[in-house]
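*Asks:* Go ahead and model the full structure; you've got the sequences and the hints to work with.
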Amino acid sequence: MLEAVSAMASVMGDPYLLGLITVTTILGIIIGVLPGLGATTGAALLLPFTLTMDPVHAIAVLATLYVSATFAGSITAILINTPGTSAAAATTFDGFPLAQRGEAGRALGVAVVASTIGGIFSILVLCLAAPMLAKVAYEFRPPEYFALTIFGLSMLASVGAGGAVKNLIGGIFGVWLATIGAERVTSIERFMFGNYELYEGLSFVPVMIGLFAISELLVQSKNAHRVADLVTLKAVKLPTREDYRRIWKTIARSSGIGTFIGILPAEGATVASMIGYSEARRWSKNREEFGKGSVEGIAGAEAANNAATGGAMVPTMVLGIPGSGTTAIILVGLMVHGLRPGPYLFTEQVESVYQIFGSMLVANIIFLGMGLYAAKLFARISLIPTAILWPIVFALSVIGAYALSASLLDVWIALIFGVVGFFARRHGFSVAPIAVGLILGHMVEVNLQNSLKMFDGAWWMILTQPLALLFLVLAFLGLFGSQIVKLITRGGRAS
Amino acid sequence: MRPLIIPGILAAFSVVIIYLAMQLKLSPPMIVGHSMQPRSFPIFLMVINLILLGILAWECWRAPPPAIELEGITTWISIATFAAFYFLTTYADFFIAIAVVMFVLSTSWGERRLHVAALISVTVPLTLFLLFDEVLKIRFPRGLITNWYYG
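If you read the sequences in order, they're chains A and B.
For the first sequence, our numbering assigns the number 1 to the initial residue and increments by one for each residue that follows.
For the second sequence, our numbering assigns the number 496 to the initial residue and increments by one for each residue that follows.
Calculated directly from the structure, the hints in this document are not laboratory data.
Given the structure is predicted, the values throughout are model-derived calculations rather than measurements.
We put the CB at the ideal spot given by N, CA and C, even for glycine.
Treat the hints with care, since some could be wrong.
[Claimed, not checked] Which chain B residues stay away from chain A? Per the calculated CB distances, all over 12 Å, these: (1) Ile546; (2) Asn642; (3) Trp643; (4) Tyr644; (5) Gly646.
[To be verified] Result set (DMTMM-like, lysine to aspartate or glutamate): computed pairs, CA atoms no more than 20 Å apart in a straight line: (6) B:Lys520 <-> A:Glu200; (7) B:Lys632 <-> A:Asp54; (8) A:Lys222 <-> B:Glu564; (9) A:Lys222 <-> B:Glu606; (10) A:Lys486 <-> B:Glu554; (11) B:Lys520 <-> A:Asp54; (12) A:Lys249 <-> A:Glu279.
*Replies:* The structure is reproduced here in structure tokens:
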């Protein structure tokens with residue numbers, strides 16, 4: 001514990017890291033306020049720039065971007081009724097009406113404070129829960145890992161905007177993508193079509209850049225001529241004592257909800273903020289104010305979405321199962337930099353892990369200051385014309401895709417996946433399940449192969465392992481739980 | 496029939512993958528042991544996909560999704576620039592290709608100040624090139640400009 005605290009505190013003694021966190025926080029806020037960019041696209045674009053950094057610095061940069069961009073989405077949600085990130089969608093419900101009443105400063109003040117408290121709470125939980133979960137995960141063998149990845153994949157049903165079936169189809173497509181290249185045990189080439197640059201499989205980075213950045217570029221092409229109006233903002237105000245009295249319970253509740261939802265594999269800040277908002281409304285004594293500018297509504301959504309960032313890092317780092325598109329990119333960052341995600345990270349790289357957590361904590365404190373004193377300036381950035389912004393994103397995307405392996409094939413892969421991602425989204429398929437499926441695909445296949453070897457080909461023996469069975473039951477309930485409940489309640493009513 | 500087009504295309508894709516997987520070489524039992532053949536896992540995935548696509552087709556049949564509007568010309572121009580980018584990179588230069596695509600994207604997306612679009616299209620790739628080449632030490636593919644720069 002002392003080691004963890006000292007590693008986290010060491011962030012303050014590393015001026016280079018502090019500088020990186022500060023610059024990335026500013027960058028994260030800029031990315032967060034630009035409609036369409038958001039944490040996931042931002043992380044995909046930033047990843048190539050971290051290639052030459054020390055692993056801790058690189059992951060700290062990505063984690064800081066995640067935290068700050070998630071918060072920043074609320075600035076435009078409140079001021080122009082356009083959430084910078086999907087996680088801030090619930091903030092528009094009350095943030096914009098309050099801003100229209102001339103209280104934009106108050107709305108932003110509540111959002112900043114709630115985000116900071118939610119974020120810090122979740123990082124504290126992350127520091128306590130991650131090592132405990134890692135201890136349990138030490139006992140995992142291939143059957144448990146196989147079942148866990150199946151559980152993670154089953155949770156894809158609720159990731160992103162598509163329906164459950166569409167998300168699962170996307171996830172399976174992602175898992176199939178992971179089979180491209182030479183099979184690890186037999187070296188038999190699969191779906192390479194004679195292209196030996198694919199021997200090691202598809203690189204994650206160009207696929208992520210394509211799915212998130214380039215597909216978003218094409219989506220945004222529909223809004224090419226959009227002009228946004230900015231609500232007048234005089235100054236951001238800290239919540240008053242009366243505001244605090246009204247929102248403290250909401251912040252506490254939403255911080256817990258956000259952290260818990262973030263920990264669940266494949267759930268993320270968007271789901272957390274929606275549940276945080278609806279719970280704030282359910283427990284409020286002033287329900288009639290919701291939708292008209294309630295500070296409780298803003299606090300409920302904002303505390304939850306930022307709390308989800310810390311929570312989502314738990315399965316990402318301890319189990320190697322990403323909770324969202326952004327954590328999928330952070331996971332790729334860990335792999336690219338040679339940090340093996342999983343429980344061993346907590347014995348082999350304890351100091352590095354806590355420095356990353358410390359960086360996230362510092363980022364929360366920095367964005368508190370920036371949110372209070374520079375929100376007006378950041379909001380102006382959101383007015384950059386899309387005709388200037390998105391061509392720059394294109395340049396960053398293709399150069400970033402090239403940079404990892406100095407291969408033009410990676411650039412073509414990014415462009416192809418950009419177009420595939422665009423058409424997928426056009427038809428209601430979310431791209432996050434494809435990304436998560438790609439990352440988990442290798443884990444699923446290898447652990448299934450190893451389990452079969454362990455049990456001499458008797459696959460049903462996997463079901464005799466208690467933890468594996470638990471994960472598979474959870475996966476089953478995750479997929480069919482609601483239908484079973486519906487059937488039972490229908491049967492109950494009929495009788 | 497319209498609601499079934501997308502499930503149909505995806506099902507055809509799954510069938511093609513199953514066919515391609517069936518063509519993969521078999522590995523000797525000595526190597527594979529009690530585990531799976533390399534073809535088994537992709538086939539298994541695509542069979543699940545076909546089941547899911549069956550459910551999706553049924554859902555689409557029962558409650559047809561709203562018709563999707565055709566994309567505007569801006570989107571198609573943007574996709575076309577990606578193809579142009581491929582040819583320009585292959586036959587001219589990576590950075591010339593980026594600059595041209597940026598300029599076309601910017602103007603087709605509504606930027607009327609051509610000098611601003613041109614300035615952005617030149618300065619952004621140039622800055623990124625210098626950053627990646629000088630700071631991150633990444634060599635870019637040979638082309639008209641990079642040949643001149645690298646010598």
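*Asks:* All the hints need checking, so say for each whether the structure fits it.
*Replies:* Hints versus structure:
Against the 12 Å criterion, B:Ile546 falls within the reach of chain A, whose nearest CB is about 10 Å from its own CB. Distance to chain A confirms B:Asn642 as a non-interface residue, since its nearest Cβ pair spans about 15 Å, more than 12 Å. With a minimum CB-CB distance of about 19 Å to chain A, B:Trp643 clears the 12 Å threshold, and the non-interface call stands. Under the 12 Å C-beta cut-off, the non-interface status given to B:Tyr644 relative to chain A holds; the minimum distance is some 15 Å.
Every CB of chain A is more than 12 Å from the CB of B:Gly646 (nearest about 18 Å), matching its label as outside the interface. With a CA separation close to 18 Å, the supplied pair B:Lys520 and A:Glu200 stays within the 20 Å bound. Under the criterion of a C-alpha separation no larger than 20 Å, the hint pairing B:Lys632 with A:Asp54 is consistent with the structure, at around 15 Å. About 11 Å separates the Cα atoms of A:Lys222 and B:Glu564, which keeps this hinted pair within 20 Å; it holds.
For the suggested pair A:Lys222 and B:Glu606, the alpha carbons sit about 15 Å apart, so the restraint of at most 20 Å is met. Only pairs whose Cα atoms come within 20 Å are accepted, and A:Lys486 paired with B:Glu554 is accepted, the gap being roughly 17 Å. Restraint check for B:Lys520 and A:Asp54: not satisfied, since their Cα atoms lie roughly 42 Å apart, outside the 20 Å limit. About 11 Å separates the Cα atoms of A:Lys249 and A:Glu279, which keeps this hinted pair within 20 Å; it holds.
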